[in-house]
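Engineer: Build the complex from these two chains, which are given one at a time in their own frames, with help from the hints.
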Amino acid sequence: MHKLKPLTLVMIRDHFREFETVFWTILFPTLILILFVGVFGQMFSEEGVDPSLSYGVYYEETTHGMTDGILRGLFTEIGDSGEFSFTFTIVEEEEDGRDLLRNRDIDALLVFTEGFSELNQLFMGPGGEFDPVTLRIVHSGRSESVIARDIFESIIEEVEMSLYGQLHGGIPSVEFSEVALEEGDRGPFVYENFIFPSAIMLSILTVSFFNMPITIVDYAERGVMKKIRGTPARGVHYFFAFLISQLLVLIIALILLYIASLWIAVSPLIYGWRFILYTLYATVTALSFGLLFSSFFRKTASLASVANIFFFLTMFLSGLYFDVQVIPGILRWYSRINPATHLVDGLRSILIEGPMPAESLWVPAVWFLCSLGVFLINQKKVLRYE
Amino acid sequence: MNRRFFHLMKVFGRETFRHKVDVFFTVFFPILFLLIFGNMFMMTGDDEEPTWRIGVVGEVREEFSGYFAPHQVGIFEDVESLKKGVEERQVHIGLFLEGEKEVQIYQTSSMMDGGEGIFLRRFVETAYRRSLMEMEEALIRVEPERIALGEVDAMEIDYLVTGVMALSILSGGMFSVLGIFGRYKRQQVIKRFMATPVRPWEFVVSAGSTKILLNFLAVIIVLQLAGLLFGVNLDFSVPVFILLVLSTSIGMMGLGVVLLLVFKKTETAYTAASLLYTFMTFFSGVYFPVAFLPGQIQWLARILPVTYTVDLLRYGAGIETMSGGAFLLTNMVFILAGGGLLLIGSKKFVTSEDSQ
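Residue numbers (our numbering), protein chains in the order written: chain A, 4 to 389; chain B, 166 to 521.
What the hints contain is simulated information worked out from the structure, not anything from laboratory work.
Beta carbons are placed, not taken as given, at the ideal position from N, Cα and C, and that holds for glycine.
Keep in mind that a hint or two might mislead.
[As the list claims (entries may be wrong)] Residues of chain B placed beyond 10 Å of chain A at every Cβ, according to the derived structure:
#1 R169
#2 L173
#3 G178
#4 H236
#5 S246
#6 K248
#7 Q255
#8 R287
#9 V354
#10 P365
#11 V427
#12 G505
[What the hints assert, rightly or not] Covered, in the sense of this in silico footprint (three residues per stretch, anywhere, with C-beta under 8 Å from a C-beta of chain B), are these stretches of chain A:
#13 225 to 231
#14 246 to 260
#15 360 to 366
[Claimed, not checked] Going by beta-carbon spacing under 10 Å, a handful of chain B positions derived as facing chain A:
#16 E227
#17 E267
#18 M298
#19 E321
#20 I322
#21 V455
The following block holds chain B by itself, in its conformation from the complex (with noise of 0.2 Å):
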C-alpha cells in the first residue's frame, strides 16, 4: 500500500506542477500581492513619526516650518513648480499661500493619497492656522504608546504578510479540491484510477496531500520573500507552522467541495470559486481595515473562513493573542468541517461512473 501511495503522491505532485493556473493561484498570486501592497505599506510606512515633506509658496515668517514638525517644509519659486513637485512627489502635498487667509492645497489624486492624503490635509490645515495664530507652546501633549498585542511587538506590515499567507491557503485548498474532483473526473482520470486497484481514500488523500504540500510551499515562500524584502521575522514554532497550515488546508479544501456540490458544473464552479477570492481579497480586512467598510457590511468579515485562518496565522506567529481552547477549538472545526468534506466530496465524485 505504501509503495502504491508515494507512487499516487508522486504522479500527483508532478500533474500539480504542470498545471500552470493552480500553480499560479497558489504560489505566485500571493506573492504579487505581497509585493505590491507590502511596498505600499513600507512607503506609507506606521513609524511613529511619518515624515513628510511639504511644498510651500508665499511669504512666510522663518518660524513657519516649525509649526509642520516633525514633517519637513520646502518654500517652491512659484505655482508651477510647486504643481509639478507634487506631481513628481519630490513633495506629499503643496500649500500656495495666495493670501494669509487663502490657501490652495495641492495633491496628487492618485488612490494611495486616499487615506494618507486626508490625515496629511488636515494637518497641514491645523498647521498653517496655528502658524497664523503664533501658537507656539503646545497645550496638549500626545504621547503615541505601541504596544505588542501577542509575544511580538508587530508591526502592519506583519499582520499583510499572516494575510497573504492566509489568501495563499485559501486559494491553494479552495483550488485544489476543484481540481481534484472536478477536473479530474472531467478529463476522466478518476474514471481510470478507479478501474485500478486504486481505493476512492487512497486516490483523495494522495492528490489532497500534494495540494497541501504546494500550499506549504507557497507559505514558506511567501515568509521568505517577506523576510528578504521587507525585513519582516515571523517566529513560528515549527509544529504550530505544520498544525495552522494542515488544518487551515483542509478546511479550505472543504470550501472548495461545498462549491463543487452546490454547482455542479466544475466550470461553474470555478468561476464561483474566483469570485469567492476576488470577495475574500477585498473584504476579509487584509489589505483594507474592516473598519473602513461600510457599517452594514463589516459583519461579513466575521464569517469568512479566510479571517479565522489569518486570526489562528497572527495568533501563529506571537502576533496577537488567542485563548488556547479558542485556538484549539478553531483547529478543530476547520479539520472536521474539511475532512467530512472531503469524505462527503470522495464518495459522491470518485466513483467509476461517466464524468459530468
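Here chain A stands alone, though its shape is the one from the complex (with noise of 0.2 Å):
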C-alpha cells in the first residue's frame, strides 16, 4: 500500500498537467451536456419547438367581409399567443414577395388566392355546394421553408376546422393522449435523459480510447515501465495505480456532470443504485477497450491516429447524439456491435423506468472478455517488460 500510494500521486498529477486531459476529459463532456441542454432541449421538450420564421403575405384581392375579420383575427392570435415567433410582411405584388423569398428574406409566402372572400358565403346560410377556396403557399428547398410550409399548412387545417365547427355544432372535445413506445412503454421523451447518458458515456469513451491506451504506450515507449522495475514497486502495484489514476479522473468528470445535471431536468433516477450500478459496469467494461487499443500499437502517433477516428465513429454512430436506427446498411453494422451503443441505451432505459435490454448487458461483456484475453496475451509485449 505505501508503494501504491505515492506511485497513484504521480500518476494523477501527470494526468493533470496535460491540459487536454483536463479538457477532453472533464470538462468537454459537461460543456457538451450545457450546451446540447440549452439549444435542443426545447426543441424536442412537450412545448416543441418555437422556429423563428418569416412569412410574406400577398392577397390576389382585397379581401372583405367575414374573410377579413377571419385572417385578421388569425395573424393577431398567432402574434398575440406567444406561441410562434412568426414574422408576416405584406407585399403589393406577388413578384415582390417571390423575390423576397429568393433572398431569404421570408422563408414562405402566402398567396391568398382571387376569390378568397368567397368564404362569407359559408356564412350567409345554406347555399348549396361549396367550392373551396385557394391559398397557395410558395417555399423553397431550403429545410426552413419545407417547415414554413407544413407548420402554415397545419395551422390552416386548424382554422378550416374551426370554421366547420363554428357552422356545424361545435368542435369535438377530444382527449388525445401521447406514449412514446420503443422497447417496452418509455413514457414521454425528455431530451435530458437522452442527453445525460450520453455526456456519461463520453468521459468514459475519452479515457478509454484515449487516455488510457495513450498513457500506457507513451509510458512504455518512454521506457516508464523499465524504470519503475528498477525500483522496489512491483508491476501489481503499477497497474493498480494507474487503474486508479485513470478512475480518478473519470469520477471528476462524472462528478461535474452530475452538478451541472442540477440546473437541468434530468431524471432524479440518477441517484438511483441502478444508474450507478450500470454506469460503474459501462465503465468497467468500456475502459477494456483501452486496454484492447495499447495491445496493438507501439507508437503514441499511430495510436492517436487509430483512436481518433474509432472515437468519432463511436461518438456518432453509436446514438450518443441522435438515433442510429435509420442509418443504412454498413454503419448500422457498426453501431449494432458496438458496446456503447448498447451501454448508452442501458443507461436511458434506467431513467425512464423501462426494461434493460438484454444486448446491453451480453454485448458489452463479450467486448470486455475479448479485450482483457487480447490484453492478458499481449501483455508482456505492450509493458515492454524485456
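Structural biologist: Written out as C-alpha cells, the structure is:
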C-alpha cells in the first residue's frame, strides 16, 4: 500500500499536467451537456419547438367581410399567442414576395388567391355546394422554408376545422394522450434523459479511447515501465496505480456532470443505485477497450490517429447524439456490434424505468472478455518488460 | 526553383496521406456525416406529399381513412400488435381509439420523430376531429408551390451536401495549418528545412498546396458519393468550383493560424480547433435549421465563416442566388484574410528557431 499511494499520486499529477486530459475528459462532456440541453432541449420538450420563421403575405384581391375578419384574427392571434415567433410582411406584388423568398428574407410566401373572400358564403346560410377557396404557399427547398410551409398548412387545417365547427355545432372535444414507445412503454420523451447518459458515455469513452491506451503506450515508449521495475514497486502496484489514477479522472468528470445536472431537468433516477451500478459496469467494460487498443500499437502517434477515428465513429454511430436506427446498412452494422450503443441504451432504459435490453449486458461483456484476453496475451509485449 | 518546389510538394503530399487523422477529418469524416444525415433526409424526404403510415385500433367508419389522405391507414387487431407495429416502424404512428372522445397516440421516442413527429401528431389529431365532424368537403385548399432560389430547383438533400462540403473544407483548412505550423515545428521539421536552401514561403506554399489538394479531393469525393447514393446532381462550372474551394480553403487555413496565434501550444490549438469544429457542425445551420435554435444564439450562425462558405458553394451550384459583387467580395475576403494570416504565420512559425 505504501508503494501504491505515491505511484498513484505521481500518475494523477502526470494526468493533470496535460491540458488535453483536463479539457476533453473532465470539462468537455459537461460543456456538451449544457450546450445541447440549452440548444436542443426545447426542440424535444413537450411544448415543442418555437422556430423563428418569416412569411410574406400577398392578397391577389382585397379580402372583405367575414373572411377579412377571420384572416386579421388569425394573424393577430398568432402574434399575440406567444406560441409562435413568426413575422408577417405584406407585399404589394406577388413578384416582390418571390424576390424576398429568393433573397432569403422570408421563409415562405402566402398567396391568398382571387376569390378567397368567397368564404363569406359559408356564413350566409345554406347555399348549396361550396367551392373551396385557395391558399398558395410558395416555398423553396431550404429546410426552414419546407418547415414554414408545413406549419402554416397545419395552422390552416385548424382554421378550416374551426370554421366548420362554428357552422356545424362546434368542434368535438377529444382527449389525446401521447405515449412514446420503444422496446416497452417509455413514457414521454425527455431530451435531458436522452443526453445525460450520452455525456456520461462521452467521459468514459474519452478515458478508454485516449487517456488509458495513450498513457500505457507512452509510458512504454518512454521506458517508464523499465524504470519502475528498477524500483521496489512491482508490476501489480503499477497496474493498480494506473487504474486508480484513470478512474479518479473519470470520477471527477462524472461529479462535474452530476453538478451540472442540478440545473437541468434530468430524472432523479441518476442518483439511484441501478444507474450508478450500471455506470460502473459501463466504465469497467468500456475501459477494457483501452487495454485492447494498447495491445496493437507501439507508438503513441499511430495509436492517437486510430483512436481518433474510432472515437468519432463511435460518437456518431452509437446513438449518443441522435437516433441511429435509420442509418444505412453497413453503418448500422457498426452501430449494432459497438458496445457503446448498448451501454448508452442501458443507461437510458434505467432513466425511463424501462426494461434493461439484454444486449446492454451481454454485448459489452463479450467485448470486455475479448479485450482482456487480448491484453493478457500481449501484456509483456505491450508493457515491454524485456 | 520549380523542381525543388514540386519535390517539396511530393514530400508533403506523401506526409499528408501518411497522417491518418488529417485524412480522416478532411475526407472520411464528412463522408460519414453525408451518409448519416443524407440517409435521414432521404427517409424523411421533402416531397410535397410525404406518405405516413398510420395504424389504428378501434371501431371506425368506412370513410375513416379518407380523412387521413394522402397517408395510409392500417387497422390493427389489438393494442399490443399496434404498439409492436410502431416499435418495429411498420407504422409511423398508432391511434388507439379507447372511446370516441378518448384517443391514445403511440409514437417511438426516437430523435427522428422529434421534428416530424410533432407535425404528424398535429395532423392525426386534426384529421381525427374532422372524421368525428364528418367534415368531408374542404373549405380552404392549400396548394404548395416550390420555387428555385437559384438556377436549379434544389431539394433539402442538395442543401445538406453543400453543407457537408463546407464542413470538409473547414476541417481540411483549419487542421492542415495546425499540422504545417504546429506539428511540423514541434517535430522540428521546420528547423531542419530552414537549414537547407528552402525559403520559408516555398515551405508554406508547397505544404499548403498539398493540403488544399486534399481538400479538393475530399469535396470531389463527397460530390460523387452524394450523386451515387442520393442522386444529387450539383452542377458546378469548373472555374467557379476551383475558385470556391481554393478561396474558402485559404480562408479556413487563416482560421487555423488565428488559433495558433491565440493558443501558443499546438496541442491546445488542436483542442480549440476540434471544439470549434464541433460547434460549427451543430450551429452553422448545415444539419439543423438555424430557425430551430434559440433566438438569442441564431446570430452566431451569421458570424461563423463556414456559413459564408456554404453560401458560396450554394451559389456556385446554382442552388441560391447571390449578387456578383457579394460573390467576389466574399471570395476576396477569404483569400486576402486567409493569405494575410498565412503570411503572418509563415513569418512567426517558419523560422530556424527551436520548437515550442
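Engineer: Can you give the numbers of the hints that this structure goes against, from lowest to highest?
Structural biologist: When the structure is compared with the hints, numbers 6, 8, 13, 14, 15 and 16 turn out to be violated.
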